[in-house]
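Student: Sequence:
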Amino acid sequence: MNKQNISEFAKKAIDALAYIIRKIRIECGLTIGQASTEIFLEKSRLCNYENTKHSMRVETFAFIIEGYYNYCIRMKAPIPIILAEQYLRIEQSDRLAASF
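Be aware that the sequence shown starts at 2, since it is given in the numbering used here, and climbs by one per residue.
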C-alpha cells in the first residue's frame, strides 16, 4: 500500500468516525444543524491526530464515545442505540486486548 492509498484510507476512516459521531449527537438531542457544525470541528480534531500520531485516531474516537455515554448516564437520559453499539464495541475490544 503506497502513501496515497494510506492517506485515502485514513480520510475514509475519519469520515466514517465523524458520521457516527454526528448520528450520536442527533440522537442525543442536537439539531441536524448543530450536529453538522460540530462534525467539522470533530473531523479537524481527528485529522490533526491522524497527521501527528496515526494510532491516536481510534483512541480519540473511543474517548468521544465514552464521553457521550457517561453524559447520558449522568443526565439520566436514554442512551441512543448507535451510542450503545459503539460503546459495547469499545468495551469488547478493551477486554480482548486485556486478555493477551
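Worth flagging that the hints you see were computed from the coordinates, not collected in a lab.
Any given hint could be a false lead.
Cut-off 20 Å, straight-line C-alpha distance, at most; resulting in silico cross-link-like pairs (DMTMM-like, lysine to aspartate or glutamate) [what the hints assert, rightly or not]:
{"no.": "1", "residue 1": "K24", "residue 2": "D95"}
{"no.": "2", "residue 1": "K13", "residue 2": "E60"}
{"no.": "3", "residue 1": "K24", "residue 2": "E67"}
DEER-style ranges, computed between Cβ atoms [said to hold, decoys possible]:
{"no.": "4", "residue 1": "E67", "residue 2": "A17", "range": "15 to 23 Å"}
{"no.": "5", "residue 1": "K13", "residue 2": "M76", "range": "15 to 23 Å"}
{"no.": "6", "residue 1": "G68", "residue 2": "R96", "range": "13 to 21 Å"}
{"no.": "7", "residue 1": "I27", "residue 2": "K77", "range": "15 to 23 Å"}
{"no.": "8", "residue 1": "A78", "residue 2": "A99", "range": "16 to 24 Å"}
Predicted model only: the values in this text are computed from it and were never measured.
The beta carbon of each residue, even a glycine, is placed where N, CA and C say it ideally should be.
Student: All hints are to be evaluated individually against the structure, with a verdict given for each.
Tutor: These are the hints, each one checked on the structure:
| no. | hint | in the structure |
| --- | --- | --- |
| 1 | K24 x D95 | violated, 23 Å |
| 2 | K13 x E60 | holds, 17 Å |
| 3 | K24 x E67 | holds, 15 Å |
| 4 | E67 x A17: 15 to 23 Å | holds, 18 Å |
| 5 | K13 x M76: 15 to 23 Å | violated, 33 Å |
| 6 | G68 x R96: 13 to 21 Å | holds, 20 Å |
| 7 | I27 x K77: 15 to 23 Å | holds, 20 Å |
| 8 | A78 x A99: 16 to 24 Å | violated, 29 Å |
Hint compliance for this structure: hints 1, 5, 8 are broken, all remaining hints hold.
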